[in-house]
Amino acid sequence: MSIGLNAFLTIAGLLFAIGFLGVILRKNTLVIYMSLELMLNAVNLALVSFSRFNNSMDGNLFVFFIITVAAAEVALGLAIIVALFRRRQSVMVDDLNALSR
Amino acid sequence: MSVLDILFYVFSAITLISALLMVVNPNAVNAAMAMIVAFVGTAALFVLLEAYFLAILQILVYAGAVMVLFLFIIMLLDVDRSEAEVAYKDKLAFAAAVIGFGLLVVLVAAAFLKGFYLPEPAVLPVAELPTGQAGGFAFTTSAKSFGYSLFTKYMLPFQVTGFLLLSAMIGVIVVSKKYSEDTK
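Those sequence lines, one after another, are chains A and B. The working numbering puts the first sequence at residues 1 to 101. The working numbering puts the second sequence at residues 1 to 184.
Here chain A stands alone, though its shape is the one from the complex:
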């Protein structure tokens, strides 16, 4: 394969940028949360490509741990969103401005 490290890092960086766009563009907390997952995923891709091109296993192990922590984080975050929805009947960030008033 003649594709180099920089090509993979470009894809990872663009994925991160798209996730960033979603986080600041959207109103729906669930979609914002999905964009956060996309950013995490982009970092995973960068770690795996560094791991492959450095011929080292460490990056792969980091990604293993990141996936585990992300799964725990998603479960907890969605539980928080459900608790929020129960209280405020909305998941739009515009309605969640109690601290700024």
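Rather than coming from a laboratory, the hints here were simulated on the basis of the structure.
Partial pick of chain A residues on the chain B-facing surface, computed with a CB cut under 10 Å:
#1 Met1
#2 Lys27
#3 Phe65
#4 Ala71
#5 Ile80
Note that the coordinates shown come from a computational prediction; the quantities given were computed from them, not determined experimentally. Quick reminder that beta carbons are idealized off the backbone N, C-alpha and C, glycines included.
Chain B: place on chain A using the hints.
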């Protein structure tokens, strides 16, 4: 141009386009569906990088468990009805988001595309088994090497992660429990 190169372009295009669709789609369920495609595309890129175990893990955990959880919550809360025409923030925030995105893209292109500021190491052949002397493990494709590393070099993080999963489980139960007045 070999087959693997063409596959790289195909899968990265699929990943980026579906990620962009996820961000711009006003319907949350459609966004989650596009997200699944993006995760599977990333798993395909992992396969191209010969991280087969992580590719399987990516599909099982992200495209499987995490996205099913997301879809479940989206459908449970039924937020689409009110969101139909107000998916994005107001004009100023919209402009700021797009300009920030453009700046990030320019940054990425300048860092990795124009002039190749990072060195381009060649892909080394994959070792048979990781050799665990001097603290470093060589890159291998087998799932066995994960076990090697997890139970030697990464023993403490492994245990901590297990404890983290337990505390996350308890936390989810506590957060999502409905407290009524008489149980307090």
